[in-house]
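Start from the sequences, fold in the hints, and give me the full structure.
Line by line, the protein sequences are chains A and B.
Here the working numbering is used: position 241 in the first sequence is 241, and no number is missing along the way.
Here the working numbering is used: position 222 in the second sequence is 222, and no number is missing along the way.
Check each hint, because a few of them may be wrong.
Said to hold, decoys possible - In silico DSSO-like pairs for lysine-lysine, Cα to Cα no more than 27 angstroms straight-line:
(1) K117/B - K128/B
(2) K6/A - K116/B
(3) K18/A - K98/B
In case anyone wonders, no lab produced these hints; they're calculated from the structure.
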Amino acid sequence: MFDRDKWQEIFSTISKNKTRTVLTGFSVATGIFMLIFLLGAGRGLRNGMTSVFAQDATNSMQIYGGRTTKAYKGTPEGKRIQMVNEDYLGFKKSIEKLDVISAMSYIPGAEIISYKNNYGNFNVSPVHETYKEIKNFEILEGRFLNEKDIKENRKVVAIQDVVKEVLFPKETAINKLININNIKFKVVGVFNQPSFDDNSREIYIPITVAQNIFNNNDHLQRISFTLNDISVDESKKVEQFITYQMAKRHEFSPEDKNALWIQNNIENSQQFAGLFSAIEMFVWIIGIFTIALGVIGVFNIMMIVVKERTKEIGIRKAIGASPSSVVGLILMEAIFITAASGYVGLIAGVGLLEVITKFDLINKIYPPAAIYFLNPQVDLGIAIGATIVLVVTGALAGFFPARKAASIRPIEALRDE
Amino acid sequence: MIRLQNIHKSYITGTNKLHVLKGIDLHIKEGELVSIMGSSGSGKSTLLNILGLLDNHDEGAYTLNQEEIKAMSETKAAKLRNNLLGFVFQSFNLISFKNAMENVALPLYYQKVARKKRNKTALEYLDKMGLKDWAEHMPNELSGGQKQRVAIARSIITQPKIILADEPTGALDSATSVEVMNLLKEINQSGITVIIVTHENDIAHMTDRIINLKDGRIESIIENNKINSKETIKIPQE
Ligand SMILES: Nc1ncnc2c1ncn2[C@@H]1O[C@H](COP(=O)(O)OP(=O)(O)OP(=O)(O)O)[C@@H](O)[C@H]1O
Ligand SMILES: [Mg+2]
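Written out as structure tokens, the structure reads:
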């Protein structure tokens with residue numbers, strides 16, 4: 001099958017009919033190029049979205065206080081629901097399947113944070129130590145806040161790597177004292193966190209410290225928690241449970257959708273998973289469609305080839321070519337064209353994905369979309385699979401014309417002009 | 001070598017049935033040089049194609065080289081054509097995108113002879129035809145006579161037992177025709193049976209026997225006297 005003569009035969013016809021070959025090859029190459037590119041882009045989108053939403057654990061929920069839109073028990077609508085420590089403690093005790101829970105308060109006023117001559121404006125979030133289970137932090141140096149820090153009101157701080165770069169461009173940060181609103185906090189850790197926007201510059205301090213020093217109240221800005229082993233349906237029950245509990249404590253209507261804002265990441269992540277499969281499916285359908293068109297192109301061309309070469313096939317048969325050798329000749333040509341042009345399409349598709357990644361093209365063309373697009377790649381399995389599919393379909397596209405060629409009686413073929 | 005008994009052949013075109021060969025009985029011995037003559041449409045090519053296994057007969061018995069030819073697979077027929085037969089056509093039938101040497105070597109490809117050996121043998125045969133210097137030329141760079149000599153080289157490269165030539169000089173001028181005929185005679189003298197379809201009398205008269213076809217039947221067989229060209233006419237009995 002792989003002898004040189006046969007290949008020489010194929011190359012001689014291919015090179016004699018360049019336009020025809022190029023046109024056929026082009027349709028196949030486009031097909032595989034589209035498939036590879038779309039699959040890669042789909043993967044990139046998935047990677048990007050996943051990394052963006054990975055900042056919250058997928059089994060987590062967050063609760064924010066809102067404003068009522070319904071009058072309830074004599075209180076008019078428009079009441080602000082302010083969450084307090086009691087809510088945090090209530091949830092901690094009563095939510096089934098709770099894994100970890102953390103509240104977050106806030107500190108008022110401008111947050112000028114400085115170390116020696118370096119200073120910046122960073123976001124200070126007072127939280128419980130469990131917050132690190134809810135956000136996907138990567139600790140780079142030292143540690144995050146711990147239980148003791150919270151209990152003993154320690155003035156310690158964990159800072160994001162970008163904050164460290166500003167405050168400690170040339171030295172280590174651990175155990176250094178930084179100024180937050182003129183109060184000194186000791187740095188215990190540096191971390192990295194995945195985020196929606198590149199501008200996130202976070203600093204975390206113990207929630208107890210913030211409430212005692214900066215606020216003098218027990219107000220909370222949000223409560224976050226994770227749940228063990230939870231289905232989407234169960235998570236919706238938890239939402240309901242929380243709403244009822246809060247409605248009772250803060251006296252608002254449980255039907256009021258705006259009194260609380262609950263972010264259910266369990267549900268969201270499932271929806272995203274669904275969205276991604278839909279995108280992937282769409283990509284496959286388009287890709288397969290374009291490849292199918294390419295294969296039909298090959299089929300057509302091979303039919304024409306057989307027609308054009310009828311006389312030659314007759315000559316070959318007269319001098320002793322067996323039907324199977326004629327089939328081989330036509331088939332190999334079809335396979336060669338599909339495989340070679342498929343390969344070109346594959347390289348072009350992968351190449352484009354590489355170029356996009358290497359030169360950060362999305363960021364240059366439309367920056368807001370860039371974070372939703374990460375590492376567009378096609379895995380090796382798919383690339384190889386696509387190539388195999390292509391060669392097989394190429395062979396199929398060549399098979400019927402080849403069989404037709406082989407069944408032509410030599411005398412009829414010779415008579416053909 | 002070749003024995004035909006009561007061979008019939010019809011072509012069916014649409015609803016019409018055209019009875020082309022109407023009972024051919026013929027015996028051609030090994031080493032003979034035979035010509036087939038007859039008017040246009042008398043069935044000469046049809047007969048030759050049946051002899052060459054390019055077409056099949058409807059009725060009768062055909063024995064080729066002691067082998068009864070009945071319905072056989074195309075693969076088997078291809079093998080027989082490759083080993084036993086060589087063809088020379090009026091229109092040369094060279095493959096246009098192969099040079100002279102590759103055209104000559106092609107039958108050996110189907111015998112799975114290695115490429116180098118093939119091409120070397122092809123060059124030897126082209127040399128015999130006086131075409132060594134034209135080995136690398138493509139068919140469209142050759143004259144009719146040269147093309148036919150390439151085709152003859154191709155037909156004998158497998159050292160077949162029988163050469164079948166359908167109007168081999170039909171597209172050539174008379175001087176070139178004589179050259180080609182001399183080549184075919186030489187081939188015949190080396191022991192190969194040669195059967196030539198022609199409607200030129202002088203070509204036919206260069207052969208040992210002339211088979212005259214008329215309307216699908218053998219009308220007469222003329223034995224040429226090889227030594228003094230004296231013609232004897234023998235009419236076959238019904
Ligand atoms: N494939 C075919 N289908 C139908 N009819 C055919 C076919 N081949 C030949 N014929 C008919 O059969 C008859 C004999 O044809 P054949 O080619 O044998 O003639 P020929 O003696 O070789 O004539 P010429 O001298 O013109 O070559 C002709 O009438 C021709 O039209
Ligand atoms: Mg004829």
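Taking the hints in turn, this is what the structure says about them:
no. : hint            : result
1   : K117/B - K128/B : holds (17 angstroms)
2   : K6/A - K116/B   : holds (15 angstroms)
3   : K18/A - K98/B   : holds (17 angstroms)
Violation of the numbered hints given earlier is absent; every hint is satisfied by the structure.
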